[in-house]
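Residue strings, one per chain:
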Amino acid sequence: MKLKNADTLNALKAQSLKLIETRRVTDTVSTKNAQGLVRHVMVCGGPGCHSSGSPGIAERLEEELNKQGLSEQVKVFQPGCFGFCEKGPMIEIYPDNVTYCEVSSEDVTTIVEEHFIQGNQVEHLLYMDPITKERFATNIPFYDGQLRIALRNVGYIAPENILEYIAADGYQALAKVLFSMTSLEVIDVLKDSGLRGRGGAGFPTGVKWEFTRKSPADQRYIICNADEGDPGAFMDRSVLEGDPHSVLEAMLIAGSAIGASEGFIYVRAEYPAAIRRLQIAIAQAQEYGLLGKAILGSDFCFNIELKYGAGAFVCGEETALIHSIEGARGEPSVKPPFPAQKGLWGKPTCVNNVETLANIPAIILKGADWFSAVGTEKSKGTKVFALAGKVNNVGLVEVPMGTTLRQIIFDIGGGIKQRKTFKAAQTGGPSGGCIPTKYLDSPIDYESLTAIGSMMGSGGLIVLDEDDCMVNIAKYFQEFTMDESCGRCTACRVGTKRLYEILTKITEGKGTLEDLENLEKLCHIIKDTALCGLGQSAPNPILSTLKYFRDEYIAHIVDKTCPAGVCQSLLKYEITDKCVGCTLCVKKCPMSCITGSSKKRHVIDQERCLKCGACMEQCRVVGAIIRH
Amino acid sequence: MCDSASSNQFVQKLDGYIDSLTYKKENLIGVLHYAQEIYGYLPASVQWHIAQKLDIPSATVYGVVSFYSFFTMIPRGEHVVNVCTGTACFVRGAEKLKGELENQLKIKAGETTPDNLFTLETLRCVGACGLAPVMIVDGKVHGRMNEAQDINEVLAKYRPEG
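So the protein sequences, as listed, match chains E and U.
Just so you know, we're using my numbering here: the first sequence kicks off at 1018 and counts up by one.
Just so you know, we're using my numbering here: the second sequence kicks off at 181 and counts up by one.
Since the hints were made in silico from the structure, they are not lab data.
Don't take every hint at face value.
[Claimed, not checked] Label pairs and their calculated CB-CB ranges:
| id | chain 1 | residue 1 | chain 2 | residue 2 | range |
| --- | --- | --- | --- | --- | --- |
| 1 | E | GLY1086 | U | LYS276 | 48 to 54 Å |
| 2 | E | GLU1080 | U | TYR197 | 34 to 40 Å |
| 3 | U | SER187 | E | ASP1622 | 31 to 37 Å |
| 4 | E | LYS1527 | U | LYS276 | 22 to 28 Å |
| 5 | E | THR1149 | U | TYR197 | 56 to 62 Å |
| 6 | U | LYS233 | E | LYS1628 | 50 to 56 Å |
| 7 | U | GLU327 | E | GLU1076 | 37 to 43 Å |
| 8 | E | VAL1575 | U | LYS276 | 27 to 33 Å |
| 9 | U | LYS276 | E | ASN1083 | 43 to 49 Å |
| 10 | E | GLN1032 | U | GLU217 | 24 to 30 Å |
| 11 | E | GLU1080 | U | ALA328 | 45 to 51 Å |
| 12 | U | LYS276 | E | CYS1610 | 18 to 24 Å |
| 13 | U | ALA328 | E | VAL1597 | 23 to 29 Å |
All C-beta atoms in this analysis are idealised placements derived from N, C-alpha and C, irrespective of residue type, glycine included.
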């Protein structure tokens, strides 16, 4: 059915509202009172829950409900990511608004029997606060302090049904742009909203649109950058999988504002589920006349094509991405000319990141003032972070700009795993840096992160604890950039390799103070001379760890020790007099370098020891084998 | 690897796909994705064929194939085992997991077992950071792979019985 005008869109919205009204949180009823009402069970389909078996749970639920004759009354959906990956697989039940955590397919019969037939909540599946032991059916502390704008529909609507998106105000912003705003007004709203690129660099989106629009040309292009390469960040994937239409709608809005009739989504081939959702969404949008010719009966035409990446981190850089779409090696080129002037096939091109785009329909509908009321002076709105590493609540969080790291890691994230001590937060992935304890209370925005030697990046936030060696972390990122360097410019191609070699030397205990000097010098040279943003920011992980954790570098070089006990070559395993002579370690040692007879203290031959730690893992007597 | 009859069939399928495209040279990466899907890898002969068909230098094709890590010129084993080396997995023990897999499969990352059953590779972040460290076998994610025993059990599922 092609939608001919804004009125038919509104009529379809009115018709579709019933699809999601059960899920409105404002209409929550108690589990007892929900008996007999139509209920929706949302089974999280995010990457984490999906991996731990949520599709199987959804299937089992449907089977069991069918068996009990409840399939008409209770509907099962698989929406996108709920965000609380640590406690997955999760399910949410409406209208009683109850969340169950760590559900397995064995729990399905209990849920159906207790919750849907008896009308009681299944106590042991409710979220339990690890400290107070209090159970929460709803209002889990993880979601306190979060504000969902980019993720507004993710986990809430069924992503494969365009009608649910339309019911949730979908394509209303497009109608508004097409029928009651001029392109200049659209660009002004974006400029006034203060929205900045969420891919990392933070360039004002409205300004980018204006540049592209002003470049004279017969054809312009919109590109959605969905090449999420930062290891440990998965927010773009969650948007694509959970709310693909919001990205399409924003690209349509961009197309009409800039004067482009073609758009491309450059998506990683490693995200097959996201690709499938996008294909479905594009087909549905075409069917409803929201893509193609005469959109909503206007004279605006727009098509979107999917382009697949092939595993190159550098393709997240806009000029490299454009070359990749053109079918070439994804190597960046010198800017200027900027893509806004000369981009895809030499035409003005606007490249926006997925999360940036996901914000746009909401900004158009609710206005620039609404958006700019959230955030800090220079960074407006919210930011999605992929919180991971040594933190209790791993997951996807969306918080207003200006929220502090402490709030994210300790309030939302529930603190450090196993009650260990926080050491640093790594933001911005391979282009970012490590933030030490003393900055836990500084508000996060583009400027403040850059000021303390890190960067916003795409939003990966990895928490490190006392057991992480900062030199090793710097080496890890250097290995990444070395591997992913496209080889175009010498500074990055050769420079990152030399940096990696120096770091390896240090972690092996062979480093000298002169190496440290050279390391720092080379970092600055690369920063100043690399061709693209990725090369220029490649030394950031080293520079920030040198700035805040220089003592760890010194310990590796001067004392030949690794304070965190990570760098294998610098470790020493010793058997103390607590040894009872059980011979377990003797049997396990791969080098057979432990000697000692039964019931006598054993000895490790330090010359031949590999430092693999197998003996310590085997040992059952506390303190009999020590590592230092 | 493949006899001439199936090889002919593959060529026809690939040519059919290329013929269906409006833009050909511009879709080199898409064509390579498609070719790798049918052949399993991109040997020199396939690259040469694509260059001829798209009327571009074979050096250009090789340049693109060697640039992107998704493309491989070596055939993979029956099952591909990937270790996620994203940051979240790295800080939760991905190196140890990789070492253990190398140990159990008796190959290094990037290699294939002599019986052609497993290929061991690494990749960057599959977004299952909550389950770190993870290994992925034929696209299926297995999380919290900290113990040698658990790893062994996962691999056993892919070994032929007996």
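Against the structure, the hints:
1. Between E/GLY1086 and U/LYS276 the CB atoms are about 50 Å apart, so this pair conforms to the stated range of 48 to 54 Å.
2. Look at E/GLU1080 against U/TYR197: about 39 Å separates their beta carbons, and that is inside 34 to 40 Å.
3. One distance hint, 31 to 37 Å for the beta-carbon pair U/SER187 and E/ASP1622, is violated here, with the actual separation near 56 Å.
4. Roughly 23 Å separates the CB atoms of E/LYS1527 and U/LYS276, a value that falls within the hinted 22 to 28 Å.
5. The beta-carbon spacing between E/THR1149 and U/TYR197, approximately 59 Å, falls within the hinted interval of 56 to 62 Å.
6. At about 54 Å, the CB distance of U/LYS233 to E/LYS1628 agrees with the hint of 50 to 56 Å.
7. Separated by about 29 Å at the C-beta atoms, U/GLU327 and E/GLU1076 break the suggested range of 37 to 43 Å.
8. In this structure the hint that E/VAL1575 and U/LYS276 lie 27 to 33 Å apart at CB holds, the actual value being about 28 Å.
9. At about 44 Å, the beta-carbon gap between U/LYS276 and E/ASN1083 stays in the expected band of 43 to 49 Å.
10. The hinted range of 24 to 30 Å is not satisfied by E/GLN1032 and U/GLU217, whose Cβ atoms lie roughly 40 Å apart.
11. For the pair E/GLU1080 and U/ALA328, the supplied restraint of 45 to 51 Å is violated, since their beta-carbon distance comes to about 36 Å.
12. Taken as a hint, the range 18 to 24 Å holds for the pair U/LYS276 and E/CYS1610, whose Cβ atoms sit roughly 21 Å apart.
13. For U/ALA328 and E/VAL1597, the hinted distance range of 23 to 29 Å is satisfied, since their beta carbons lie about 25 Å from each other.
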